[in-house]
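Chains as they are written, first to last, in this note's numbering: chain A, 74 to 263; chain B, 26 to 429.
Bear in mind the hints are in silico, worked out from the structure with no lab data behind them.
None of the values given here were measured: they were computed from a predicted structure.
Yeah, the Cβ is synthetic: ideal placement off N, Cα and C, and Gly gets one too.
There could be a bad hint or two in this list.
[Stated by the list, open to error] Computed far set for chain B versus chain A, every beta-carbon distance over 10 Å:
{"id": "1", "residue": "29"}
{"id": "2", "residue": "51"}
{"id": "3", "residue": "63"}
{"id": "4", "residue": "134"}
{"id": "5", "residue": "188"}
{"id": "6", "residue": "209"}
{"id": "7", "residue": "281"}
{"id": "8", "residue": "284"}
{"id": "9", "residue": "288"}
{"id": "10", "residue": "308"}
{"id": "11", "residue": "322"}
{"id": "12", "residue": "360"}
{"id": "13", "residue": "364"}
[Said to hold, decoys possible] Simulated restraints on C-beta separations:
{"id": "14", "chain 1": "A", "residue 1": "164", "chain 2": "B", "residue 2": "33", "range": "52 to 58 Å"}
{"id": "15", "chain 1": "B", "residue 1": "329", "chain 2": "A", "residue 2": "148", "range": "21 to 27 Å"}
{"id": "16", "chain 1": "A", "residue 1": "220", "chain 2": "B", "residue 2": "29", "range": "54 to 60 Å"}
{"id": "17", "chain 1": "A", "residue 1": "128", "chain 2": "B", "residue 2": "329", "range": "27 to 33 Å"}
[Claimed, not checked] Derived DMTMM-like pairs: lysine to aspartate or glutamate, alpha-carbon spacing no greater than 20 Å straight-line:
{"id": "18", "chain 1": "B", "residue 1": "159", "chain 2": "B", "residue 2": "234"}
{"id": "19", "chain 1": "A", "residue 1": "161", "chain 2": "B", "residue 2": "311"}
{"id": "20", "chain 1": "A", "residue 1": "96", "chain 2": "A", "residue 2": "86"}
{"id": "21", "chain 1": "A", "residue 1": "123", "chain 2": "A", "residue 2": "106"}
{"id": "22", "chain 1": "A", "residue 1": "233", "chain 2": "A", "residue 2": "85"}
{"id": "23", "chain 1": "A", "residue 1": "123", "chain 2": "B", "residue 2": "193"}
{"id": "24", "chain 1": "A", "residue 1": "233", "chain 2": "A", "residue 2": "95"}
{"id": "25", "chain 1": "B", "residue 1": "284", "chain 2": "A", "residue 2": "124"}
{"id": "26", "chain 1": "A", "residue 1": "161", "chain 2": "B", "residue 2": "312"}
{"id": "27", "chain 1": "B", "residue 1": "272", "chain 2": "B", "residue 2": "193"}
{"id": "28", "chain 1": "A", "residue 1": "77", "chain 2": "A", "residue 2": "225"}
{"id": "29", "chain 1": "A", "residue 1": "103", "chain 2": "A", "residue 2": "221"}
{"id": "30", "chain 1": "B", "residue 1": "276", "chain 2": "A", "residue 2": "124"}
{"id": "31", "chain 1": "A", "residue 1": "200", "chain 2": "A", "residue 2": "248"}
{"id": "32", "chain 1": "A", "residue 1": "123", "chain 2": "A", "residue 2": "95"}
{"id": "33", "chain 1": "B", "residue 1": "276", "chain 2": "A", "residue 2": "117"}
{"id": "34", "chain 1": "A", "residue 1": "200", "chain 2": "A", "residue 2": "106"}
{"id": "35", "chain 1": "B", "residue 1": "158", "chain 2": "B", "residue 2": "311"}
{"id": "36", "chain 1": "B", "residue 1": "284", "chain 2": "A", "residue 2": "126"}
{"id": "37", "chain 1": "B", "residue 1": "266", "chain 2": "B", "residue 2": "31"}
{"id": "38", "chain 1": "A", "residue 1": "233", "chain 2": "A", "residue 2": "218"}
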Amino acid sequence: MAIKKFAVACYDDEAVLFPAIDKVRNSGYKLHDVYTPFPVHGLDQAMGLKETDLHIAGFIYGITGTSTAVGFMSWIFTKDWPINFGGKPHFSLPAFIPITFELTVLFAAVGMVLTFCYLNQIMPGVKKHVFHPRQTDDTFVVAIELSEHTSEAEVLAFLKSTGANETNVQVAESEWWYGRFDKKEAYELS
Amino acid sequence: MNERFEISPRLRNTSLALIAVGIIALVAGLFNLKLSHDHVDQTRFWIVLLHNSVFFAMVTVASIFILAATSLAQGGWIVAYRRVPEAIGANMWLFGGIAVVVLLSIVYFFQIDGHNPIFHWVHPDGDAILEGKKAFLNPTMFTAFTVITVALWSYFGFKFRAISLAQDLAPKGKTKLYFYNMKVAALFLVVFCLTMMSTTPWLWVMSIDAHWYSTLFSWYNFASSFVSGMAMIMLWVVYLKNQGNLKIVNKEHIHDLGKFLFAFSVFWTYLWFSQFMLIWYANIPEETTYFKVRMQGPYSIIFYANFIINFIMPILILMARPSKRNYFTVTFMAMIIVFGHWLDFFQMEMPGPLGAHWHLGWYEIGIFAGFIGLFIFAVSKSLAKHSLVTSNNPLLKETIIHQS
Numbered sequence: 074m075a076i077k078k079f080a081v082a083c084y085d086d087e088a089v090l091f092p093a094i095d096k097v098r099n100s101g102y103k104l105h106d107v108y109t110p111f112p113v114h115g116l117d118q119a120m121g122l123k124e125t126d127l128h129i130a131g132f133i134y135g136i137t138g139t140s141t142a143v144g145f146m147s148w149i150f151t152k153d154w155p156i157n158f159g160g161k162p163h164f165s166l167p168a169f170i171p172i173t174f175e176l177t178v179l180f181a182a183v184g185m186v187l188t189f190c191y192l193n194q195i196m197p198g199v200k201k202h203v204f205h206p207r208q209t210d211d212t213f214v215v216a217i218e219l220s221e222h223t224s225e226a227e228v229l230a231f232l233k234s235t236g237a238n239e240t241n242v243q244v245a246e247s248e249w250w251y252g253r254f255d256k257k258e259a260y261e262l263s
Numbered sequence: 026m027n028e029r030f031e032i033s034p035r036l037r038n039t040s041l042a043l044i045a046v047g048i049i050a051l052v053a054g055l056f057n058l059k060l061s062h063d064h065v066d067q068t069r070f071w072i073v074l075l076h077n078s079v080f081f082a083m084v085t086v087a088s089i090f091i092l093a094a095t096s097l098a099q100g101g102w103i104v105a106y107r108r109v110p111e112a113i114g115a116n117m118w119l120f121g122g123i124a125v126v127v128l129l130s131i132v133y134f135f136q137i138d139g140h141n142p143i144f145h146w147v148h149p150d151g152d153a154i155l156e157g158k159k160a161f162l163n164p165t166m167f168t169a170f171t172v173i174t175v176a177l178w179s180y181f182g183f184k185f186r187a188i189s190l191a192q193d194l195a196p197k198g199k200t201k202l203y204f205y206n207m208k209v210a211a212l213f214l215v216v217f218c219l220t221m222m223s224t225t226p227w228l229w230v231m232s233i234d235a236h237w238y239s240t241l242f243s244w245y246n247f248a249s250s251f252v253s254g255m256a257m258i259m260l261w262v263v264y265l266k267n268q269g270n271l272k273i274v275n276k277e278h279i280h281d282l283g284k285f286l287f288a289f290s291v292f293w294t295y296l297w298f299s300q301f302m303l304i305w306y307a308n309i310p311e312e313t314t315y316f317k318v319r320m321q322g323p324y325s326i327i328f329y330a331n332f333i334i335n336f337i338m339p340i341l342i343l344m345a346r347p348s349k350r351n352y353f354t355v356t357f358m359a360m361i362i363v364f365g366h367w368l369d370f371f372q373m374e375m376p377g378p379l380g381a382h383w384h385l386g387w388y389e390i391g392i393f394a395g396f397i398g399l400f401i402f403a404v405s406k407s408l409a410k411h412s413l414v415t416s417n418n419p420l421l422k423e424t425i426i427h428q429s
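One chain only, chain A, in its complex shape (with noise of 0.2 Å):
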């Protein structure tokens, strides 16, 4: 959570996104994030972004659930509250698979859905701010992150010869927020 300053540049084409991100990594500028209207294959090898960890959650979300169910199975049927079932053991494990193979779907599921809604930022009743109106609709957006030291001419003057069409500097919260509304403070500093 913090109020950063961030060069903006809005791109027209996929063709031009990829030559100036390149061209943005190689400069040494700290790329923020890139925002477009629909998925772009080959877009995160392009950022260098690292494999995600999400399937490790999912696998030990699943692996909590298998436990959950023999677990909690196994103990109401042999000590809690043991039924006889048409003559079969109290501990019958072919009856237990598919309970456990549903919970182990489920809470791999659920798990795996609230993870990524937390990797990504995104949740019912959360706000992140939005570099430019257009980034949902025809717009590519790139933007970078700045320290106090860099100049932001310097920058701007850079992003166009990249071949951006529209550039401007933002000072914004970085990370998501509790709430629908933009945040004050990050405007009154602008």
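With chain A fixed as given, assemble chain B onto it according to the hints.
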């Protein structure tokens, strides 16, 4: 693009040596088992031939199925090594033919004291259950179904390869053959549905335990043969890649095949367990006999080994993304899966005729080696005949830039 595969002397010699092992085992089996006075030995001679020929016929037809399925779905990922399943499918006549010869020999020529120890339904002899099934389970129906099935499979095996080869020579940019291929694929899936997905496993495998039946059985057999068929394709692709062929194949394509190995191992387990659990839960004696001999009888080692090899190992080893992209793990798992499903068919077929007197000895291993040798020999011949890359396929560019 034109890429030729040349059979290396080493591959050729290995395959010929394996075939020699198979022939020696067959001849030794002929003298030691077939001509023995012991009924179990005579049965063992035939059931092992049936086990291997049926297994390899079903593995081969799985290749034709993946061709048809990806043709219809316009799957670009397989086009990079489409010649491999095509070459396997083009040998359908060979493995199907061997299966026909073995199966019909058992039905018509094998009997001990007036009854058939493998297919009891050949001579029902007043058995009420077998008499009731006689309309379907009789030698005429069996012969007709078997011959027509193998003939159709072989025809489609040749057809897919012929279309693909014709496409290489067709003028650039013409998609007529591509859409023709899709029509043939749709037709094949109907044939496949009526054979491998239903009647064929009933007749070839399930009728060994003629009193017992399971409605899931054909699906379960299909899953078994399909995952081992994908494993065979994987082994060929990795081998060709190691030989310096198939330059457009990279880790992305291997990853896709690895996903198939993983997914269909789990799918196999799903069907295997579905069949088991309903029978276990209902606990009806006429159904539970099938699992009694396998789980608690003399086959319990194979039964549990089957589960560990075909489910526990793939799910633990192939689950992570890096292991599906690693040439060593996928090759290792492909070999394990082929062996595991061979064992799966073993435990489906042996308990009926042999009971407690099963062996996993020189004869079983020798015949298996012979079939592997024949598979390597025949498929490498087909692969070497034509270019390994399907040029002119509209999906060629898609497969080169493919990312999984």
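Against the structure, the hints come out as follows:
1. Taking the minimum C-beta to C-beta distance to chain A, about 33 Å, the non-interface status of residue 29 of chain B holds against the 10 Å cut.
2. A cut-off of 10 Å between C-beta atoms confirms that residue 51 of chain B is not in contact with chain A; the least separation is 40 Å.
3. At roughly 38 Å from the closest C-beta of chain A, the C-beta of residue 63 of chain B stays outside 10 Å, upholding its exclusion from the interface.
4. No beta-carbon of chain A is positioned within 10 Å of the beta-carbon of residue 134 of chain B; the least distance is around 41 Å.
5. No Cβ of chain A approaches the Cβ of residue 188 of chain B within 10 Å, the least distance being about 31 Å, so the stated non-interface status holds.
6. At roughly 32 Å from the closest C-beta of chain A, the C-beta of residue 209 of chain B stays outside 10 Å, upholding its exclusion from the interface.
7. Interface exclusion of residue 281 of chain B from chain A stands, the closest Cβ pair being 16 Å apart, more than 10 Å.
8. The beta carbon of residue 284 of chain B sits about 13 Å from the closest Cβ of chain A, which is more than 10 Å, so the claim that it is off the interface holds.
9. The Cβ of residue 288 of chain B sits about 15 Å from the closest Cβ of chain A, beyond the 10 Å cut-off, so the non-interface label holds.
10. A beta-carbon of chain A comes within 10 Å of the beta-carbon of residue 308 of chain B; the shortest separation is about 7 Å.
11. For residue 322 of chain B, the shortest C-beta to C-beta distance to chain A comes to about 18 Å, beyond the 10 Å cut-off, and the non-interface label holds.
12. With a minimum CB-CB distance of about 26 Å to chain A, residue 360 of chain B clears the 10 Å threshold, and the non-interface call stands.
13. The beta carbon of residue 364 of chain B is kept farther than 10 Å from every beta carbon of chain A, the shortest such distance being approximately 25 Å.
14. A beta carbon spacing of about 55 Å between residue 164 of chain A and residue 33 of chain B agrees with the range 52 to 58 Å that was offered as a hint.
15. For residue 329 of chain B paired with residue 148 of chain A, a C-beta distance near 26 Å keeps the hint of 21 to 27 Å intact.
16. A hinted range of 54 to 60 Å holds for the C-beta pair residue 220 of chain A and residue 29 of chain B, which are about 59 Å apart.
17. Hint check: residue 128 of chain A to residue 329 of chain B, Cβ distance near 30 Å, so the stated range 27 to 33 Å holds.
18. Distance check on the hinted pair: residue 159 of chain B and residue 234 of chain B sit about 14 Å apart at the alpha-carbon level, within 20 Å; holds.
19. Under the criterion of a C-alpha separation no larger than 20 Å, the hint pairing residue 161 of chain A with residue 311 of chain B is consistent with the structure, at around 18 Å.
20. Restraint check: the Cα-Cα separation between residue 96 of chain A and residue 86 of chain A comes to about 16 Å, which is no more than 20 Å; the hinted pair holds.
21. Straight-line distance between C-alpha atoms of residue 123 of chain A and residue 106 of chain A comes to about 13 Å, which keeps the hinted pair within the 20 Å bound.
22. A threshold of 20 Å between alpha carbons decides the hint, and for residue 233 of chain A with residue 85 of chain A the separation of about 13 Å falls inside it, so the pair holds.
23. Note on residue 123 of chain A and residue 193 of chain B: the hinted pairing is violated, with a Cα-Cα distance of about 41 Å set against a maximum of 20 Å.
24. About 14 Å separates the Cα atoms of residue 233 of chain A and residue 95 of chain A, which keeps this hinted pair within 20 Å; it holds.
25. Of the supplied pair hints, the one linking residue 284 of chain B and residue 124 of chain A holds, its CA atoms being roughly 18 Å apart against a limit of 20 Å.
26. Between residue 161 of chain A and residue 312 of chain B the alpha-carbon distance is near 17 Å, which keeps this suggested pair within the 20 Å criterion.
27. For the hint pairing residue 272 of chain B with residue 193 of chain B, the CA-to-CA distance comes to about 18 Å; that is within 20 Å, so the pair holds.
28. Annotation: proposed proximity of residue 77 of chain A to residue 225 of chain A holds, straight-line Cα distance about 13 Å (limit 20 Å).
29. Restraint check for residue 103 of chain A and residue 221 of chain A: the C-alpha separation of about 13 Å stays at or below 20 Å, so the hint holds.
30. Only pairs whose Cα atoms come within 20 Å are accepted, and residue 276 of chain B paired with residue 124 of chain A is accepted, the gap being roughly 16 Å.
31. Restraint check: the Cα-Cα separation between residue 200 of chain A and residue 248 of chain A comes to about 9 Å, which is no more than 20 Å; the hinted pair holds.
32. Distance hint between residue 123 of chain A and residue 95 of chain A is fulfilled; the C-alpha atoms sit about 16 Å from each other, no more than 20 Å.
33. A C-alpha spacing of about 19 Å is found between residue 276 of chain B and residue 117 of chain A, which places the hinted pair at or below 20 Å, so the restraint holds.
34. For a cut-off of 20 Å, the pair hint linking residue 200 of chain A to residue 106 of chain A stands: about 16 Å separates their Cα positions.
35. Restraint check: the Cα-Cα separation between residue 158 of chain B and residue 311 of chain B comes to about 15 Å, which is no more than 20 Å; the hinted pair holds.
36. At most 20 Å may separate the alpha-carbon atoms for a hinted pair to count; residue 284 of chain B and residue 126 of chain A meet this at roughly 19 Å.
37. As the CA atoms of residue 266 of chain B and residue 31 of chain B are separated by approximately 13 Å, the hinted pair is consistent with the 20 Å bound.
38. Of the pairs offered as hints, the one joining residue 233 of chain A and residue 218 of chain A holds, with about 16 Å between alpha carbons and a cut-off of 20 Å not exceeded.
Consistency with the previously given hints fails for numbers 10, 23, ordered from lowest to highest.
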